[in-house]
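Student: Sequence:
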Amino acid sequence: MTIGGICLLKNQPIDAPHTRVTLTFPAIHSSRHVVFMLNGASKKEVFSRVRVGDPAEVASHITTEGTLVWLVDPV
Numbered sequence: 000m001t002i003g004g005i006c007l008l009k010n011q012p013i014d015a016p017h018t019r020v021t022l023t024f025p026a027i028h029s030s031r032h033v034v035f036m037l038n039g040a041s042k043k044e045v046f047s048r049v050r051v052g053d054p055a056e057v058a059s060h061i062t063t064e065g066t067l068v069w070l071v072d073p074v
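Heads up, the sequence shown is in numbering that gives the first Met the number 0, so the first residue is 0 and it goes up one at a time.
Think of the hints as simulated: they come from the structure by calculation, not from any bench.
With a straight-line Cα cutoff of 16 Å, these simulated EDC-like cross-link-like pairs (lysine to aspartate or glutamate) come out: (1) Lys-42 <-> Asp-72; (2) Lys-43 <-> Asp-53; (3) Lys-42 <-> Glu-56; (4) Lys-43 <-> Glu-56; (5) Lys-42 <-> Asp-53.
All chains, please: the whole structure from these sequences, using the hints.
Tutor: Here's what the structure looks like:
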């Protein structure tokens with residue numbers, strides 16, 4: 000589905016218990032609020048790379064016209 004030039008994809012992987020919605024970079028960028036939720040020690044290293052802008056991490060490329068909030072488990 001495309002809304003105002005922004006693509007939204009709905010899918011349900013075979014191994015997932017629920018349907019997922021995938022947003023394109025422009026859809027995320029146009030959002031008022033973007034929230035990342037990280038839980039568990041395994042995410043600590045990835046989060047460190049994102050914070051320094053490692054281009055290999057997809058989350059490093061996320062921008063928004065609104066607010067960007069990181070909710071991080073204090074492991």
